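Start from the sequences and build out the full structure, keeping to the hints where you can.
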Amino acid sequence: MNPRRARPSGPKGDVRPLEGTANHSGQFLTQYQSGRSAARQCYSMATFSTSSTRPYHIIIFGASGFTGQFVVEEVARTASEGPKGSLKWAVAGRNRTKLEKVVEQAAGALSKPELKSEVDILVADVNDLDSLAAMCKQAVIVLSCVGPYRFFGESVVKSCVESGTHCIDISGEPQFLESTQLNYHDQAAEKGVYIVGSCGFDSIPADMGVIYTRDQFKGTLTAVESFLTASAGPEGGCIHDGTWQSAIYGLADSNKLRSLRKKFGHKPLPVVGAKIKRRGTLFYSNELQQYAIPFMGSDPSVVKRTQRYLTEELNESP
570 MNPRRARPSG
580 PKGDVRPLEG
590 TANHSGQFLT
600 QYQSGRSAAR
610 QCYSMATFST
620 SSTRPYHIII
630 FGASGFTGQF
640 VVEEVARTAS
650 EGPKGSLKWA
660 VAGRNRTKLE
670 KVVEQAAGAL
680 SKPELKSEVD
690 ILVADVNDLD
700 SLAAMCKQAV
710 IVLSCVGPYR
720 FFGESVVKSC
730 VESGTHCIDI
740 SGEPQFLEST
750 QLNYHDQAAE
760 KGVYIVGSCG
770 FDSIPADMGV
780 IYTRDQFKGT
790 LTAVESFLTA
800 SAGPEGGCIH
810 DGTWQSAIYG
820 LADSNKLRSL
830 RKKFGHKPLP
840 VVGAKIKRRG
850 TLFYSNELQQ
860 YAIPFMGSDP
870 SVVKRTQRYL
880 TEELNESP
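When we follow our numbering, the leftmost residue of the sequence shown carries the number 570, and every step to the right adds one.
Please keep in mind that the hints were generated in silico from the structure rather than gathered at the bench.
Source: prediction; values computed, not measured.
We put the CB at the ideal spot given by N, CA and C, even for glycine.
Just to be clear, a hint being listed does not mean it is correct.
Pairs of lysine-lysine, DSSO-like flavour, derived with a Cα cap of 27 Å [unchecked claim]:
| id | residue 1 | residue 2 |
| --- | --- | --- |
| 1 | Lys831 | Lys787 |
| 2 | Lys832 | Lys787 |
| 3 | Lys760 | Lys787 |
| 4 | Lys727 | Lys832 |
| 5 | Lys787 | Lys846 |
The calculated label-pair distances, taken between Cβ atoms and stated as ranges, are [said to hold, decoys possible]:
| id | residue 1 | residue 2 | range |
| --- | --- | --- | --- |
| 6 | Asp689 | Leu851 | 48 to 58 Å |
| 7 | Lys685 | Lys831 | 47 to 57 Å |
| 8 | Lys667 | Gly834 | 25 to 35 Å |
| 9 | Ile845 | Phe720 | 26 to 36 Å |
| 10 | Pro837 | Lys685 | 52 to 62 Å |
| 11 | Thr622 | Lys667 | 26 to 36 Å |
| 12 | Lys831 | Met865 | 20 to 30 Å |
| 13 | Ser621 | Ile862 | 30 to 40 Å |
| 14 | Thr789 | Gln756 | 13 to 23 Å |
| 15 | Gly677 | Asp697 | 27 to 37 Å |
Spelled out as structure tokens, the structure:
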């Protein structure tokens, strides 16, 4: 089974017909790698045709933001790998001057001065629904880089669904991902729209890693425990403000997430084999020979969503 194969219809509430897209490994790696993942996801879907009214395969929304800048560079690099002129893309955001600067930076970094004339710039704002609609109607795919998604993501998803435009993001926020699934699945499925969340480093290695491990494992895989090692460079380490806000609000709203999940009415997944012993807040890992803490991101919830889909829709063992 190819876990990334598009499925026009999924289980109730599954807005991501691409089950297995991911959300499970660590926001402590660089946002650059998140950008690369999202950009390549986007390009892989860009075989869908454009038209006179929908001229762009891809629009990168929030292109002047921290992650958006890396996505712009990666899309520009990836586009050059295909037939010349085969990928038509644009950047969008609130500030035209900042967007022009981002395109100029990418042109310099890649030694591709032609980007400054080839890449169109669109002005759109999450607080201006008309501008969002106008942007979405021009794209086959919108790559949303505007976070925290709990504050800025839903209006983009809503506009994409209403416009018949596919939407990809790199959200690592379970509450946003699952509320989107609950609120927009039916409408998206009816229109044949793909809403693919959590397509960054925070998700893909874990979710796809579980599938890969299962397929390679000689026997019945019943549980997976993964570890992430983070290290800082010579200048030290930091965490981006958007990621920090997502984490803080996610912890603060944990009760709302539990209440949201009850609305799905899911039955418990069947237990296969022995359960992994629950780790403490701080524990010593014999595997790593060092102390570790449980990862506080959205990885477990996204992996469980995929496993639920595989179990309930494809009758596979979780």
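Against the structure, the hints come out as follows:
1. Lys831 with Lys787: violated (36 Å)
2. Lys832 with Lys787: violated (37 Å)
3. Lys760 with Lys787: violated (41 Å)
4. Lys727 with Lys832: holds (20 Å)
5. Lys787 with Lys846: holds (23 Å)
6. Asp689 with Leu851: 48 to 58 Å: holds (50 Å)
7. Lys685 with Lys831: 47 to 57 Å: holds (51 Å)
8. Lys667 with Gly834: 25 to 35 Å: violated (45 Å)
9. Ile845 with Phe720: 26 to 36 Å: holds (34 Å)
10. Pro837 with Lys685: 52 to 62 Å: The hinted range 52 to 62 Å holds for Pro837 and Lys685, with Cβ atoms some 55 Å apart.
11. Thr622 with Lys667: 26 to 36 Å: At 27 Å between Cβs, range holds.
12. Lys831 with Met865: 20 to 30 Å: Given range 20 to 30 Å: holds, Cβ gap about 22 Å.
13. Ser621 with Ile862: 30 to 40 Å: violated (54 Å)
14. Thr789 with Gln756: 13 to 23 Å: violated (38 Å)
15. Gly677 with Asp697: 27 to 37 Å: At roughly 31 Å between Cβ atoms, Asp697 and Gly677 fall inside 27 to 37 Å, so the hint holds.
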